[in-house]
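As given, the protein sequences belong to chains H and P, one line each in that order.
Per the working numbering, the first sequence starts with residue 1, numbered consecutively.
Per the working numbering, the second sequence starts with residue 1, numbered consecutively.
Among the hints, erroneous ones may be present.
Unchecked claim - Here chain P is said to cover these stretches of chain H; the calculated rule only asks that three of the stretch's residues, wherever they fall, bring their Cβ under 8 Å from a Cβ of chain P: (1) 79-88; (2) 117-125.
To be verified - Chain P is faced by these chain H residues, among others (derived, beta-carbon under 8 Å): (3) R98; (4) S131; (5) A154; (6) Q158; (7) G161.
To be verified - Stretch by stretch, here's where chain H covers chain P in the computed footprint (C-beta under 8 Å, at least three residues): (8) 338-348; (9) 505-512.
It is worth saying that the hints were derived from the structure and are not from the lab.
Where a beta carbon is used, it is the ideal one built from N, C-alpha and C, also for glycine.
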Amino acid sequence: MLPSVPANLPLPPHPVAPAAVVLEVSGVTKHYGARRVLDAVSFRVYAGQRVALTGPSGSGKTTLLNCLGGIDRPDEGSLNLNGLRIDQLDSNALARLRREQVGTVFQFFHLLPTLTAAENVDLPLQLLGVSPDERHARVTTLLKRVGLEARAGALPSQLSGGEQQRIAIARALIHRPALILADEPTGNLDSASGENILRLLRELTDETHTALVLVTHSEEAAAICHERVHLRDGRIVT
Amino acid sequence: MKAAPRVVSLLLRRFALRHARLEPKRTALLCGILALGVAVFISVRLANRAAVASFTHFTDTLTGQSDWIIQPAAGTLPETVLPELRAALIGNPVVIIPVVETTASRPPRAGETAAFGRTTFTLLGVDLISMANLARQQTGGKSFFAEQTSTSTSTARGPDPSASFWTNFRAGPQLWISAAFAAELGNARTLTLVVNDMTHVLPIVGTIPALPDAPQAPASLILLDLPHLQQLAGKVGRIDRVEFVVESGPRADERREVLRGLLATLGRDGERWLVTSSGAKRESAETMTRAFRLNLTVLSLIALLVGLYLIFQALDGAVVRRRGEIAILRSLGVEETSIRRAWLAEAALLGLVGGACGILLGWGGAQFSVRAVGQTVNALYYATTVATAAPGSVDVGIGLALGLFASLVAGWWPAREAARTPPAQVLVRHASAAPGPAVLRHAWLGLGLVGLGIVAAQLPPLRFEGGSRFPLAGYGAAFLWIFGGGILAGFLLPRLAWLGRRWRNRFATVRIALSHVAAPSGRHRLAVAALLCAIGMTAGMAILVASFEGTVQGWVRRSLQADLYVSSNGAQSASSQNRIAPATWRALAAHPAVEAASVLSAYPLMLDGASTTLTGTGLALVRDREDLPWVQPPVDDTIFDPARNAGLVLASESFSERFRKNRGDTIQVPTPSGTQRMTLAGIYADYGNERGSLLVEREHLVKWVADDQAASISLYLKPGADADALRAELLARHPGLAIYTNAALRSEILRIFRQTFSITYALEVIGVIVAVIGLALTQISVLLDRRDELTTLRALGFTRTEIARVAAIEGSIVATCGVMGGLVVSLALGWLLIHVINKQSFGWTLGFSLPWAQLAALGVTVIATGAVVSYVVGRWGANLPADHEE
């Protein structure tokens, strides 16, 4: 178990802003039927920057996250990830983009229940065709980094919620993506485990210089981010 | 907790029926599947009943129904019994009706290639004057023949419409046909018929009148005056039976019983003739075909079983789809029992609607199947005139009950799963997949069922009156092995996953797919069990057919050694009575190109209340020329010596099984010349019919039955003789004969064999299609159940193609397990079908042949189709939309 460290330590100044833009969201609008769930949303995320997406339920946070991950498409506006127009890619190109440049952390972990912890972490590398030796080395290193090398052979059902989320974070980072999308990563955890996860996310994104978009209701979670984007009724209000 | 009917009703109205309305195609499909299963059962039931009900004792159409019938156990009665009977019955108010009955067919049309299968007509010869008098008594009116001449129908027919009945009557053989046949013929005034070995052009002089209380004359019945038919059929001085009608009046029942006693005494209690009734004949027909009808019923239930499986899969899928809705209802306080009952009620509604549609569909289907069943009954058992079948209230009840039962059985487990859905607060999106039926996870249960099947396979068949048998325990063993095997085959899934471990590290898709089957869900196991069932039955049937065909080919090769085979061209079915006249067969045998001729006589025989066949031929020639396949060979050559074989008989294997007789046993054979006490000298294999036959030296049989006509004759030609040329020459001389060369007869036998089994190929295709549809439905349920995993895979960067590949690999592993298990079970089922079910039903010994290529093709087809279908389902799953919570 990792030592419990407060997640809301003073933030260092943003490392590279405004030089390297990883993600540019410009005028994104989305409707479900007649209901407008996103209304001309625009913001930027820089390499190594952590951005919190906050707002009440129904404000459009998850829809925006799905658009950022290429799971959903905006009706209007553009989404640019490292120079690629996400909103214009076809299904296969989107899958390739997620495989190479995006890591995802879910509220309910979404580990594959039939794979062991190590296999879950290994999966993105396997998709990328990384050699078995390198995969093994990187998985071992990262499992050690998240403090779960001893649980490598355990199935998700044999892990606690905090352990599952640490495995999910390792899986999101193993292929060194440019952007991590995290949807309420502490929403299903007790406070101690939640703090550990936030600390881990902060440390790992700092170490790897990875951008993070974090959807959250939690002030503690928002506090680890350099910037906050607050949504209400599909619009950015701050 | 007790479920409130109000809540169940609310759930049914607000949810189940709304879902049905919102998904009309799915609802229609489920009803259709169920309706099809019920329809097959109903149509076979109606066809069976119609075939039995249509058993026609043809004289009934003239007499209403005779009180008693006397007939010899085999052969014919001499006409001299008539004065004897009249003398004995003087003073008794009894009408005596001597009857001659034979069969005929129309000659083949130009260009007609099939040798067999033309309509068989029954020619009934009665004393028309007596019949006219009887009709007058019954109707209280005029003779129907007198009425005939005044009808417009009859005036349009006959050689001389203006002549009186009596003028026509004296003119020679002439025909009265049924109204149905008359309508079919139109204005034809003559009919060409092949009777025995002669072709006759006979005048049609009228239609058979309808009498009160008598059944309508079937289309295939043709009436002639007795002496004319005796002449045509080569039965001059002989009659087939005598029927008696006791005049109505006070104490008629008592007089009937007295008459029966008198007839039995005169018949020396069966030695001269048997006393029977048309009702008893109908019962005998029912008994004779009971095993055949039961076998058909079992086969028809397979369709329902298949439908039940598909409905189960569909309802299971519905539970997965509607889990969120159920969870909310549970959160709102709806009890488990209410949920379960509402789902069962939904299944019941589906069953009732499907059952009702099935009855209508079955009624329609019966109009077709009734002819097929009728043709088979006609070919194998007796002449039947079945044409239509209508459902009664019992059939409607059975159809609805069957639909209800099937849907409740199929819906039970999904209802249980639905009820177990936790409330929404507990049901989280990553909730693990439903485990599936627990019963499939117990290897001991599978082993137990297989063991029980082994015990059941050793049990004897059910035996019915009349000697027919039904292998109930054999069918039970088949079901036990299929279900036991289905449970055990599920345990192959982790083994196959282990075998594929080498590729786990190479391909992410393989890793995901193998991880699913390494810990298979109940749905995976169920899909394997269903595939095993389909493959097992399909391949088992293929093994039976291959074994049967191999055996029949060997039998044909060994038994058919003559160069030419001759029979009457009128012989078109098992009920055919067409013969070759002595002068004709003698002329054939005496042809200069013929070296030897084997003449065969055959007569229906009633033995211990069951019908069989008594045949006679030159046994020495059989020994010298044919290679009779012995089951129990004679111990010495006495049976082949006409001087010493008068008390000896050979029996076919079916006869031996049916009458439980073995070599050395005594058989009392009733003949018109008295009962012959025979010793069974040997048993031979014969695949001609399931009723079996006795074979004796023909020269003895001719004396016993006082009939020298032949059923067929085999000609062995002198070296160098041209069989085709001789055939053409003989056909030109005897146009009423059917003559086959050795090769043509062999090929005709195999053609008929393959035609008989053609339905099994259709069943094979249906089996595979259903299994693959079942696999697809399973995959759909599994993917719906793993929707969160699909979301994860997509988030991780899996393309839709890769997700589809995962499903394809998973599906092909499931299909491989089903195929492997199915092929193993098929070997057991093949053995069971050949050595137990076939042996007990028909008494035939078959060699075991494995159609390797066919089985391999079946396996590869199912695995490949399973993979393709799973791929398609996988693509569908990959396209499921993302959740839209916000």
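Which numbered conditions among the earlier hints are violated in the structure presented, ordered from lowest to highest?
-> Hints 1, 4, 5, 6, 7, 8 contradicted; others consistent.
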